[in-house]
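Chemist: Our numbering runs 7 ahead of the 1-based position in the sequence shown.
Because the hints were derived from the structure by calculation, they are not lab data.
Note that the structure is predicted; figures quoted are calculated from it, not measured.
Check the hints yourself; a few may be wrong.
Have a look at the derived ranges for each label pair, beta carbon to beta carbon [said to hold, decoys possible]:
#  : residue 1 : residue 2 : range
1  : Met89     : Ala33     : 27 to 37 Å
2  : Arg90     : Thr18     : 37 to 47 Å
3  : Ala33     : Pro91     : 31 to 41 Å
4  : Ser35     : Asp86     : 33 to 43 Å
5  : Gly37     : Pro91     : 33 to 43 Å
6  : Asn92     : Lys13     : 36 to 46 Å
7  : Thr78     : Phe9      : 17 to 27 Å
8  : Arg90     : Arg21     : 30 to 40 Å
9  : Pro91     : Ser20     : 35 to 45 Å
10 : Lys83     : Ala33     : 38 to 48 Å
11 : Asn92     : Gln40     : 24 to 34 Å
12 : Met43     : Asp75     : 18 to 28 Å
Distance condition first, Cα-Cα at most 25 Å in a straight line; then the derived SDA-like pairs of lysine to any residue [to be verified]:
#  : residue 1 : residue 2
13 : Lys13     : Leu58
14 : Lys17     : Asn74
15 : Lys68     : Ile48
16 : Lys47     : Ser23
17 : Lys83     : Leu73
18 : Lys50     : Ile63
Backbone N, C-alpha and C define an ideal beta-carbon position, used for all residues, glycine too.
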Amino acid sequence: MFREHKEAFKTASRTSDFAKHLTDLAHSFGPIQNIMQVVKIHKKGLHLNNLERFHIYTEHKNDNHLNDDTTIFPNKFFDTLMRPNRP
Numbered sequence: 008m009f010r011e012h013k014e015a016f017k018t019a020s021r022t023s024d025f026a027k028h029l030t031d032l033a034h035s036f037g038p039i040q041n042i043m044q045v046v047k048i049h050k051k052g053l054h055l056n057n058l059e060r061f062h063i064y065t066e067h068k069n070d071n072h073l074n075d076d077t078t079i080f081p082n083k084f085f086d087t088l089m090r091p092n093r094p
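Let's have the full structure, built from the sequences with the hints guiding it.
Modeler: Below you can see the structure in the form of structure tokens.
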């Protein structure tokens with residue numbers, strides 16, 4: 008994901024909301040350890056895509072995201088995973 012955001016930033020392609028945010032606010036694109044938090048290391052594929060969707064969804068619910076609100080859809084499964092454990 009880092010490379011995809013970096014490429015979008017370098018080319019100003021607007022395909023990454025993260026890169027768009029950096030460009031719009033005149034931030035620089037630094038080393039990964041300075042600008043991003045690694046949430047999970049996993050090989051590309053369906054599992055990683057679902058992990059990314061879940062993380063974006065949880066950040067959206069916490070009002071802490073850069074994604075366009077129209078790209079976040081209700082997800083009862085994610086809501087169930089986010090529900091606090093009840094004894």
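Chemist: Hint by hint, say whether it matches the structure.
Modeler: Hint check results:
Met89 and Ala33 have their C-beta atoms about 34 Å apart, which keeps the hinted 27 to 37 Å range intact. Arg90 and Thr18 have their C-beta atoms about 41 Å apart, which keeps the hinted 37 to 47 Å range intact. In this structure the supplied range 31 to 41 Å holds for Ala33 paired with Pro91, their Cβ-Cβ distance being about 40 Å. Taking 33 to 43 Å as the suggested C-beta distance range, the pair Ser35 and Asp86 conforms, at roughly 37 Å.
At roughly 36 Å, the beta-carbon separation of Gly37 and Pro91 lies within the given 33 to 43 Å, and the hint holds. Restraint check, Asn92 to Lys13: a C-beta distance of roughly 38 Å satisfies the suggested window 36 to 46 Å. Checked against the given bound of 17 to 27 Å, the beta carbons of Thr78 and Phe9, roughly 20 Å apart, stay inside it. Between Arg90 and Arg21 the C-beta distance comes to about 35 Å, which sits within the given range of 30 to 40 Å.
The hinted range of 35 to 45 Å is satisfied by Pro91 and Ser20, whose Cβ atoms lie roughly 40 Å apart. A hinted range of 38 to 48 Å holds for the C-beta pair Lys83 and Ala33, which are about 40 Å apart. Look at Asn92 against Gln40: about 32 Å separates their beta carbons, and that is inside 24 to 34 Å. The supplied range of 18 to 28 Å is met by Met43 and Asp75, whose beta-carbon atoms lie about 19 Å from each other.
About 20 Å separates the Cα atoms of Lys13 and Leu58, which keeps this hinted pair within 25 Å; it holds. Proposed proximity of Lys17 and Asn74 is supported: the alpha carbons are some 19 Å apart, at most 25 Å. Proximity of Lys68 to Ile48 is assessed by CA-CA distance (about 23 Å); at most 25 Å being required, the pair is judged to hold. Distance restraint check for Lys47 and Ser23: the Cα-Cα separation of roughly 19 Å lies within the 25 Å cut-off, and the hinted pair is therefore satisfied.
Annotation: proposed proximity of Lys83 to Leu73 holds, straight-line Cα distance about 22 Å (limit 25 Å). Restraint check: the Cα-Cα separation between Lys50 and Ile63 comes to about 18 Å, which is no more than 25 Å; the hinted pair holds.
Checked against the numbered hints above, the structure breaks none of them.
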